[in-house]
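Read in the working numbering, the sequence shown has 113 at position 110, and its numbers run on one by one without any break.
Note that these hints are calculated values from the structure, not bench results.
All figures in this text were calculated on a predicted structure; none of them were measured in a lab.
Treat the hints loosely; a few may be bogus.
As the list claims (entries may be wrong) - Taking lysine to any residue and the SDA-like style, the derived pairs with C-alpha atoms no more than 20 Å apart in a straight line are:
hint : residue 1 : residue 2
1    : Lys125    : Ile34
2    : Lys26     : Gln59
3    : Lys26     : Leu69
4    : Lys97     : Gly114
5    : Lys125    : Ser108
6    : Lys26     : Glu7
7    : Lys26     : Ser46
8    : Lys125    : Asp57
9    : Lys97     : Ala38
10   : Lys125    : Gly25
11   : Lys125    : Gln59
12   : Lys26     : Ser10
13   : Lys125    : Phe9
14   : Lys97     : Ile122
15   : Lys125    : Glu7
16   : Lys97     : Arg60
17   : Lys125    : Ile37
18   : Lys26     : Glu45
19   : Lys26     : Arg6
20   : Lys125    : Leu100
21   : Lys26     : Phe9
22   : Lys26     : Glu48
23   : Lys26     : Glu86
24   : Lys125    : Glu86
25   : Lys26     : Gly68
26   : Lys26     : Pro102
27   : Lys125    : Ser5
28   : Lys125    : Arg6
29   : Lys125    : Leu64
30   : Lys125    : Asp71
31   : Lys125    : Arg87
32   : Lys97     : Ser108
33   : Lys97     : Asp70
34   : Lys97     : Arg87
What the hints assert, rightly or not - The following label-pair restraints were derived from C-beta to C-beta distances:
hint : residue 1 : residue 2 : range
35   : Val106    : Arg15     : 36 to 44 Å
36   : Val90     : Ser5      : 38 to 46 Å
37   : Glu86     : Val124    : 40 to 48 Å
38   : Gly94     : Pro16     : 17 to 25 Å
Where a beta carbon is used, it is the ideal one built from N, C-alpha and C, also for glycine.
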Amino acid sequence: MSREYFSSDPSRPFADAVLVDGKTLYLSGRIGLIAGTDTVPESPEEEAHLVMQDLQRVLGLAGLGLDDLVSLQVFASDVSLWERFNVVYRGYFKGQLPPRAFVGSGTLLFGARFELQGIAVKG
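My request is simple: use the sequences and hints to build the entire structure.
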């Protein structure tokens, strides 16, 4: 089994993703931080955009895109943010949405409202 690791910040104690056998990408949790900081924006919608853009960025490191997702988990600090997240989320997909879970998790790192974790497959 071959593994290719992708890490954009070597100071973090984890890889952004690992591509197994050149096909299946496992993504670590992604949060929507303001670039160059450990701060999330004030607006849940802006944070949702940032986390979706970060997800796209990490998928792109392995040559994949949102259409390659086969599973996605959304952890939310408050489940009442469900619809506010979904309005932003839907705008990032052109076709079929991937299977997804939306889980209320309470406190997230750096005060984030949303954290995404997923699996994507090439092809």
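Here's how the hints hold up against the structure:
no. : hint                       : in the structure
1   : Lys125 / Ile34             : violated (23 Å)
2   : Lys26 / Gln59              : holds (17 Å)
3   : Lys26 / Leu69              : holds (15 Å)
4   : Lys97 / Gly114             : violated (30 Å)
5   : Lys125 / Ser108            : violated (30 Å)
6   : Lys26 / Glu7               : holds (10 Å)
7   : Lys26 / Ser46              : violated (35 Å)
8   : Lys125 / Asp57             : holds (18 Å)
9   : Lys97 / Ala38              : violated (26 Å)
10  : Lys125 / Gly25             : holds (8 Å)
11  : Lys125 / Gln59             : holds (14 Å)
12  : Lys26 / Ser10              : holds (18 Å)
13  : Lys125 / Phe9              : holds (16 Å)
14  : Lys97 / Ile122             : holds (18 Å)
15  : Lys125 / Glu7              : holds (14 Å)
16  : Lys97 / Arg60              : holds (17 Å)
17  : Lys125 / Ile37             : violated (29 Å)
18  : Lys26 / Glu45              : violated (37 Å)
19  : Lys26 / Arg6               : holds (10 Å)
20  : Lys125 / Leu100            : holds (16 Å)
21  : Lys26 / Phe9               : holds (14 Å)
22  : Lys26 / Glu48              : violated (32 Å)
23  : Lys26 / Glu86              : violated (32 Å)
24  : Lys125 / Glu86             : violated (29 Å)
25  : Lys26 / Gly68              : holds (13 Å)
26  : Lys26 / Pro102             : holds (19 Å)
27  : Lys125 / Ser5              : holds (15 Å)
28  : Lys125 / Arg6              : holds (14 Å)
29  : Lys125 / Leu64             : holds (12 Å)
30  : Lys125 / Asp71             : holds (6 Å)
31  : Lys125 / Arg87             : violated (30 Å)
32  : Lys97 / Ser108             : violated (28 Å)
33  : Lys97 / Asp70              : holds (8 Å)
34  : Lys97 / Arg87              : holds (19 Å)
35  : Val106 / Arg15: 36 to 44 Å : violated (23 Å)
36  : Val90 / Ser5: 38 to 46 Å   : holds (39 Å)
37  : Glu86 / Val124: 40 to 48 Å : violated (29 Å)
38  : Gly94 / Pro16: 17 to 25 Å  : violated (32 Å)
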